[in-house]
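Residue numbers (this note's numbering), protein chains in the order written: chain A, 6 to 199; chain B, 246 to 626.
Since the hints were made in silico from the structure, they are not lab data.
The structure presented is a predicted model; accordingly, all values stated were derived computationally and were not measured.
List time: in silico SDA-like cross-link candidates among lysine to any residue, alpha-carbon distance up to 25 angstroms:
hint: 1; chain 1: B; residue 1: LYS556; chain 2: A; residue 2: ARG35
hint: 2; chain 1: A; residue 1: LYS107; chain 2: B; residue 2: ALA553
hint: 3; chain 1: B; residue 1: LYS330; chain 2: B; residue 2: TYR391
hint: 4; chain 1: B; residue 1: LYS338; chain 2: A; residue 2: ARG32
hint: 5; chain 1: A; residue 1: LYS107; chain 2: B; residue 2: LYS338
hint: 6; chain 1: B; residue 1: LYS338; chain 2: A; residue 2: ALA106
The primary structure of each chain is shown beneath.
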Amino acid sequence: MTIAPTFSGWHALVLHVPDEGTDRLARQLRLLGMTAEVKWAPLEGGGAQADVVLVDADQGWDGLFPWPVGGAPMPLIALLQSEAPGRIAWAIAHGARALIAKPIAASAVYPALVLAASLHAERQITATRIAKLEERIRLRPLVHGAVRALQDSRRIDEDAAYAVLRRAAMARRLTLEQIAADIVAGGVPLTEAG
Amino acid sequence: MRRTIRVGILYSETGPYASIGRDCRDGADMAIAEIAADAELPVVIEPIHADPAGDPRRYLEEARAMLRVSGCRHILGTITSLARKEVIPLVEKHDGLLWYICPYEGFEANENVIYTGACPNQHLIPLFDHLLPTAGRRAYLVGANYVWGWEMNRLARELIGRAGGTILGERYLPIEDGEVDRIVADIEAKRPDFILNNLVGSSSYAFLNAITALGARDPAFRPDRCPVVSCDLAECDLGQLSPGSAVGQFSTGPYFDTLRGEANRAFKARVAERHGAGRRISMFFEGAYSAVRMLAEAVATAGDDGPAEVKAALYGATFATPHGPLAIDPRTNHAALPFHLGRIMTDGGFEIVLSRPAIDADPYLTVDRTTGSRPQLRVVS
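Next up, chain B with everything else stripped away, as it sits in the complex:
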């Protein structure tokens, strides 16, 4: 007799960052289908889907319904930190577990959250370790006008300042705002060495398109001379850009579609069966997929879907994922994650140019940011 557990799948499949939400949902659904087909697993997941359309209040309403009406004890979801911080108090109150798979700005380690997305010592810091010595230290910072953009740029300011660099500008845009002309004009006037892009969704797409147009007019703004680097841009975003836009620009992630290795090759073959061979898989698709599989395996081990039992089953175990073995640190509830730097290719997708093996999460950045031990980067291509 297989136990059926209800799991809330809370992603915005419509709204300004819908392409990310759709990848998260597709990844989760694929894992749920695979679990259902695996008769050896004593668990079946019944998804309770909801689409808050990017509205923080609707995240709260939908999460409440999942916990109170549907009886979910686990919610996979939220993309922005704004939505996550809305939902957390509710999850705490109902003693549930929120599975958060997106890159975020750190400074959080909640007992009712499992974090499988990267925090800054797994994305921004290794990115800057590579970028500041190679691209230069005169930076322009852009970001979404909420805690992700603010905190990422605050940390970037600190890291660049300590490296002896300068910040030439720092500008913010709401997620849904595509009015990037003034920012791009300012960048054209200030001529930075690189641009850190912490915009999200449609504003990010408008910005990358505008920088591509600027590069076409002035070679000083092409990616080889003034790269735009992001920590949250993924394969699912590339289809939202103008054709040929942002080629040569960079983003980081624990997973890229082009990752080598048998685990990813097999995963891609299964995704191709389900979604067609043209589907490029993002870290959001893979992250949601892996989190659902991990949840099912932990429930199977624990014999119960209670958060305390599931967490006990998670700690100390290692889970196979398409990006490699994954373990959750009981101190932080965060996953150790590899770092990859990807460069956008002409045919879409990312070419991995730099990799670092799994890094333990340090959400509060307790390791000294100037003298902390830094493993050597490995250039892979």
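Next up, chain A with everything else stripped away, as it sits in the complex:
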């Protein structure tokens, strides 16, 4: 990453009993151009107003969040003093992307934000890619079906049929799976494909 990330305009939600440490944390977040809200109550209504959530992993419980475990729609940062494995596991399960050790040092805040935001963005890209790949795997039988149909109707081998399918998909700006589905459903006459 060559450009220094900036968090100007972000809203941070700190889920922690307000104390001297959260005062320091909120001060540093505001210094970074963010707005910050400190509260110690379960989130309601999706909590989607926050761009980042910093949660007390020493005291946190699953019911704090309106989303399923691991489903935080924004970067999550754990605030942790304990070394108890169970507390660390809780933070991991909820998808914490970074850790700020308590007592909170102001200098720990920016690096944690950069790391959490970067990992969250990376995970989102990966999740999207996995969803696309899973969709393609799910639709593989359709591609096989279309290839077989083309082989039979044109008396060509599998490689040639596959090439026809690919050309048809490209010409129509569709994915291989979409054109295959059309062919199998009879939407595209076999003679016109490719």
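Given the structure of chain A, go ahead and fit chain B onto it with the hints provided.
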């Protein structure tokens, strides 16, 4: 009864950037002497000097001795960010206050540090606001091989990229390394519009000498056609250059010896009494001087030298300095600082060619770097 407080003065007066360290120490010592002579101030400062000779480990050892053995709660010192970042955890642990007066690369706002040197929105950004439209946008970046050089060049890359410019080269040298020939040969081949110099100490001097020699061979590398711009070069460095070297090149600072105004005229007269009329004052001398005065005044107001009490006395107060009124922002612990662009003159020293009134520090650059409001520059000569 005047209260005596011990203050650690931690500067490398020997080693590769000794000329800066000596100016810092001299500035601090002058302030300490003036405070001692001012019977109206209820505070006397007893300095605990140490010279870590540019070695980061020795910074740590000396700072530890100041805090633990000498009982200092305040340390004025460190020049490089490397040394500052070594010392900070110790200062935090002992609940002390570090007074840091040098220009640095930003991205820090520690509660146990008072920053009176400029960060990038007070040096590099206003410099580029002026330089990129006038000198051109094809840049060559050189820097010291540690966080100052790396971060300054990273920010320069971002700013130049956003302005539609290009980086023709980016090279690094250790502080004490004078092997600049390969870098200068590369610059000669690439022919940039300007060079950003983030070298420090002896490597910077060797580089400026070599560029001056290159300019003598090829007019395309003279300062009017390919300026070398720095954000940390000051009067105390000029004496380390070959005679006539770097004339016409540029540097930035909140203070230059040539600054006009009654405050600086009176300050220069007092420095001349102490050090002779030939002494050119750098931002390091003036910065250390002003920080010590500010510390003494804050302790006097607070009636205590505890860091929390001193910080409370600093916030909201305005201190008179040779470069003008100075205030510390309680959000960032940084000083608002004026920006001056200086051009090196034939007789040493800098001629101020451009100035901007005090700019609030934005150490994390939260203001949008492309659309942020930019006050108009004022050409002063």
